[in-house]
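Engineer: Here the protein sequences come in this chain order: A and B.
Residue numbering for the first sequence follows the numbering used here, beginning at -9 and increasing consecutively.
Residue numbering for the second sequence follows the numbering used here, beginning at 145 and increasing consecutively.
These aren't lab readings, by the way, just hints derived from the structure by calculation.
Given the structure is predicted, the values throughout are model-derived calculations rather than measurements.
Among the hints, a few may not be true.
As the list claims (entries may be wrong) - Part of the chain A face toward chain B, derived, beta carbon under 7 angstroms:
(1) Arg(-4)
(2) Val67
(3) Asp70
Don't be surprised by glycine CBs; every beta carbon is placed ideally from N, CA and C.
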Amino acid sequence: MVEETRIHYGEELEQLEASALGGLDLVSGALGRTLEVVEHQDVELAQLVIADDDRIDGRYLEVHQSLIALLATQSPVATDLRLISALLHVLKNVERMGDQCVNICKLIPLTGNEPPADEQMVKLILTMGRQTRTLISQSKRAFEERDVGLARDLVRQDDVVDNLNRECFGLALAIGEDPDRREWAMTMLLAARAIERIGDNAVDIGEQVAFVVTGLFREFEDASHPEEMPPAPG
Amino acid sequence: MTNRQMASDETRAGAGREAREAAAERASIAVRPEFRPGGSGRRERVFQLKGVEVLYSGVSAVKDISMDIHRNDVTALIGPSGCGKSTLLRCFNRMNDLIPGAEVRGDLLYHGEDLYGPAVDPVQVRKLIGMVFQKPNPFPKSIYDNVAFGPRILGRKENLDQTVEGALKGAALWDEVKDRLDSNAYGLSGGQQQRLCIARCIAVQPDTILMDEPCSALDPISTGKIEDLMIELKEEFSIVIVTHNMQQAARVSDRTAFLMVELDADEQNRWGRLVEYDETERIFTNPRDKRTEDYVSGKVG
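Please model the complete structure; the sequences and the hints are all you need to start from.
Structural biologist: Set out below in structure tokens:
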């Protein structure tokens, strides 16, 4: 007696989810290349990453427009509505992550073509970047599988990135008096900060996973009131 | 809160003196005080249903309905065709009494009193609990006589002009018809006719208004007017509405009840059952029952 209807609408929504989450693969690729840029001070690759960000922005515009069209024409409710709302957030996160890669790549000419001033700091930033790429793929998997546990685990993974960022800060402070080295260290700190923000965006995607599944939006970690956060279940 | 509600709130807040005068005017057709006991505010119950079952010639149409309907709420009944929404709605003012072979079982309390008690006069019930139907059904009379019909029958002939004006204002129709009250009601548009039926309904000072698909025969503009009107009317009345239009339920109602058809094991008999009853926002953003989710998102039905 119960007959399934609105099949095309369901398929369209599935495709849009895949496209939006596919944006995370684009970002992961961009971040991978950005790390190469940092490691080898590769100005040409930096220009490529900057130009390639148009693809991420294009994905944002395309999927965003289609989601708005679904809202206008299909009157989604309940889980579909929560999914569309979450995807709009995720798209924004993806777009921001791409911009952060661009921000890092724009820094690179400023540090010149000289060899790195501090190998240790570069190593830390590369480790941060790799950890952040893990976060990106984990956020994607958590969304695809509607896995709140995996989404929540992003907070723990992001703490690793945050700690590395603080270590970078310590190294920058200890870089010495030479003005060139100090300028280099400050610039690298900006890069580390950009990577750290990418990690935060991945955690935000995890929060959207929890919203889709439970219908409740709660920040996993509230930076302005860290003491008031309820303990994570499990 | 829906956009429409917000817009309506703003209108109310902004209209100032005029709105207050209109409200005072409408208060003059307010419900009799004995049915407006003060105190417990929004959670006061108009109807309490416990295990209500309606049968036609011994066959169940709806079964096991237990729910409270609150005062000054718009309560929406939604569900697929044949789930018994209209049957349930008709229980609330004993309209089922008019159908041969219909029988209502279980407890149905109206302001704490048994609506189907032996001492209750169904005619009195329908005075207090008015009904608006799917198709506008004005009498083939003038606009004035349509609205004055109820009060005249009830012998309330004093201040009839004010009663008619108040009811037409209450139904947001006055400005459109005040210069042609003597014209035949059939000359009005469908949307206007439906608002005339609402005016006719509130002219007898009911406590509750039942609406059975009141907008299904109307265009979107007229529908919007009726929906705005419902949000205004709930300040004074309690409203129960049956609708097939999910978005309408989402826009106007405070609470939504979802009924669906249930079949017995050999699929010979079918009846309606209440699946979920909750705040409307909850029903449309995060329903508890998978069947509700599938229905409100239009995936099955």
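Engineer: None of the hints should be skipped; say for each whether it holds.
Structural biologist: Results for each hint:
Taken as an interface hint, arginine -4 (chain A) checks out: its beta carbon lies about 5 angstroms from the nearest beta carbon of chain B, inside 7 angstroms. Interface hint status for valine 67 (chain A): upheld, as the beta-carbon distance to the closest one in chain B is roughly 5 angstroms, under 7 angstroms. For aspartate 70 (chain A), the interface hint holds, the least distance from its beta-carbon to any beta-carbon of chain B being 5 angstroms, beneath 7 angstroms.
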